[in-house]
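Undergrad: Starting from the known structure of chain R, arrange chains D and W on it as the hints suggest.
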Amino acid sequence: MGKKLIELQHIQKSYNGTQILDDLNIYFNENKFLTLLGPSGCGKTTTLRLIGGFEKPDSGQILFDGKDITMLPPNERKVNTVFQKYALFTHMTIAENIAFGLKISKKSKAYINDKIKYALKLVNLDGYENRSVDSLSGGQQQRIAIARAIVNEPKVLLLDEPLGALDLKLRQDMQYELIRLKNELGITFIYVTHDQEEALTMSDTIAVMNQGYIQQIGSPEDIYNEPCNAFVADFIGDSNIIDGVMLADKLVSFLGIRHACEDTGFGQKQPVDVVIRPEDIELVAPDEGFLSGDITSVIFKGVHYEIEVLSNGFEWLVHTTRFFPVGAHVGLKVIPFNIQIMHKPESSDERAVGLDA
Amino acid sequence: MVKKGIQRIYLIFIFLFLYLPIAVLIVLSFNDSKSRVSWGGFTFDWYIRLFESRSIMNAFYTTIFITLTSAVIATILGTLAAIGIGAMRKKGKAVMLGATNIPLLNADIVTGISLMLLFVRFTRLGMSTVLLAHITFNIPYVILNVLPKLNGLSQNTYEAALDLGATPLYAFYKIVWPDIRPGVFSGFLMAMTMSLDDFSITYFTKGAGIHTLSTMIYTELRKGIKPEMYALSTILFLIALILLLLMNYRSREDQINERRT
Amino acid sequence: MRKLKRQLCAGPYIVWIIGFTVLPILMILYYAFTTPEHRFTLENVLSIAEPIHLKALLLSVRLALECTVLCLLLSYPLAMILNGLKIKRQSFIVFIFVLPMWMNFMLRILAWQMLLSNNGIINSILQALGFSGVSILNTPAAVVFGMVYDFLPFMILPIYNSLVRIRSDVIEAAKDLGASNMIVFFRIIVPLTMSGVISGVIMVFVPALTSFVISDLLGGGKVLLIGNVIEQSFMQGMNWNLGSGLSIVLMVFVIASMAFMNSHTKETEGTAVW
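Chains as they are written, first to last, in this note's numbering: chain R, 410 to 766; chain D, 1278 to 1538; chain W, 706 to 979.
Chain R extracted, bound-state conformation:
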């Protein structure tokens, strides 16, 4: 574990009377790849802009290396940002763009030239010094934006949906590139995205946000395998989420049947959400499953088939590598370990849950 590099304490922020963040508490460790993940409007970009210094919180504190930087303007912070739409300076060449921050901090000419060469090599664009910004593709512009930020040797690099404007193939390539960059530079990346796949691929730690609250913080594996509520389960990957009632420890009832599970401590007759990942369901003979139903659709996805099964009024989503024809009558089977039981949210607005990473 590294030490805490940035810490946000009791942050409140609202725009025009709309509360965006309400008592946000989160910290970011040194030398990690951290992702703020959530749907648009969840407050993730606001959080990033607070760290960058482009917004001031209504109340609360932002600590950097233990020092209070809440009121520090962006040009005095040791963080740099990669903007969603690159925000390159179109009136300058690539080299001038990259040199911008270095010239302000009055580095020597030789140093600046070395740095430009190094940064361009790092983002695989050697020899582009004198090109104009307009002559570059979107992906290349994004690399220059990254190069422009990292030459200043920030302790933290903030990335605001930097891959959002790129096409799928390029996005996947850039994901690996960013992981490589992070490892070579050895600095903290704070990454904002609404793309769960991006988050799972690149992050050391993911913080899932919704409506201004952090829903869950953890490693990609934790978040995927042990989502702590239905929102997270639904947002990360596909899930079957069913209303259920916890009858006793390790026994849950849903859709009119009873099934064993491994969760305890919910009390008796407690309404809960039952979450089962589609790849955890096995299609078997009708009498071998906990439920049986008819297949309503089959879609080939390459690695697996995506199959929908209608059973007791619920559309089950199942991922399987075996082919079944539409209309077949099948049974659904799941082992107790793969059933996640979750508390119902207290209101329709998801509330904050445990904040410890």
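Be a bit skeptical, because a hint or two may be false.
[Said to hold, decoys possible] Stretch by stretch, here's where chain W covers chain R in the computed footprint (C-beta under 8 Å, at least three residues):
1) 475-484
2) 506-520
3) 590-603
[As the list claims (entries may be wrong)] From the derived model, a few chain W residues whose C-beta atoms are all more than 10 Å from chain D:
4) H743
5) L770
6) L868
7) S873
8) M887
9) F890
These are computed hints drawn from the structure, not numbers from a lab.
Computed from a predicted model, the values in this text were never measured in an experiment.
We put the CB at the ideal spot given by N, CA and C, even for glycine.
TA: For chains D and W alone, kept in the frame of chain R given last:
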């Protein structure tokens, strides 16, 4: 806070700079005294006399006729030209835009004189020569307002519409027109404003006995401006103000509707 | 094929350009280089060197430069303030600056003449406040004042438009990289508004250089600009060849100053000297 205050004062200063003379003229149009410096009480006399003055009303009709006609013709020609230029290759486009900029960048006096030389050689100066001259300097404003609106998606969607069986006219009306309409509109307005405010070019291309408001004012400068002129300008200004406010209001509603859909 | 058809739309306009832009320029060239007896001569063009003409041209250039600089100094902060207001409807700003044009500019300038006259309102207010009055009427300064008044919108609007187009994330990126407000202004905002400044300068400098009405109105016949000389040679002296010759000189002057502006800006754009 201090910065905000200074900004306010500066805005007010510029606003006064632009509108103070207009206020003066409006006040003078109600002044019951021929003197320009002393206030002789409130009167509507100048407004009544205005409509009795043949020379002023003639100049007024001429001005309106030339402004409207030249703006309409320039808008039609300019919009067509913009569509044509939009479909051209780089080189043709550059040549056409260069030619379009000539009347814009050339000095008014040179444009006026060169047109006068042409007209004198081939015809007689009169109302039609003024009209031709106004159309000439109005077209570029229309083109420059319409052209940017054509650079969007309309090219492809227009072809898609033809592909789906639309006639070119229908495709133009359904696809291109909604895109360029604001540009055509502001081009028309710009043309009208420029035409109304023009003096130099009218001055050189008009025949004897024909007056627009601005050439009339110019000849009156030496004799002294008739107060009826202030009254007429006040009316024109108020009409423009109301029209522009209405349009502003309408386009705001359009925007709100757009956001809803 | 379809493209060709659409290009044909420009046909009437091309005919129009040839008839009413190219042909008139040929006419003026013909007059400029001939005598009234249709013989070739350079005299008309060279007469710019006559002291009275040269003096008028130099005065025109001086006043036009003063007017342009004043317009720029007034407009840039104004455009910044207007941009800072974050008005969503930019057409409203345009509206404010275009509206005055619907009242004849000669009348408006006449109104300024009344306001500025020795016993006019401005002087009365100044004297009531204990200042000594100003008397700038019938001086070159009054002409510059009138020009600034008439041409100011043509400087404000292009600068404002170019300011509005700067995306806020570009400013934020500069601050993020350590730029203070000063550096943001000089290294980001000024270069990115250069195109607006240039079109503003051209749109103010050219009419100011060639105007003849404002000097008539506010100069009191004492300020003779090159525009006045040309106008008089056409309307009073009836020497069209001389007038055409001087017009050609004026045209060349305008083209030269625009070419100078263009070459100058390309230099600074390519290699931003730090």
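Undergrad: All hints, please: hold or fail.
TA: Hint check:
1. Counting residues of the segment 475-484 of chain R whose CB lies closer than 8 Å to any CB of chain W gives 3, which reaches the minimum of 3, so the coverage claim holds.
2. Check on the segment 506-520 of chain R: 5 of its residues sit with their Cβ under 8 Å from a Cβ of chain W, so the three-residue criterion for coverage holds.
3. Counting residues of the segment 590-603 of chain R whose CB falls under 8 Å from any CB of chain W gives 0; the rule of at least 3 is not met.
4. At the 10 Å boundary, the C-beta of H743(W) stays outside the reach of chain D, the nearest C-beta of that chain being 13 Å off.
5. A cut-off of 10 Å between C-beta atoms confirms that L770(W) is not in contact with chain D; the least separation is 16 Å.
6. Once the 10 Å rule is applied to beta carbons, L868(W) is consistent with being away from chain D; the minimum gap is 15 Å.
7. With 10 Å as the threshold on Cβ separation, the claim that S873(W) sits away from chain D holds: the shortest Cβ distance comes to roughly 19 Å.
8. At the 10 Å boundary, the C-beta of M887(W) stays outside the reach of chain D, the nearest C-beta of that chain being 15 Å off.
9. Every CB of chain D lies more than 10 Å from the CB of F890(W), the least distance being 14 Å, so the non-interface label holds.
Checked against the numbered hints above, the structure breaks only hint 3 and satisfies the rest.
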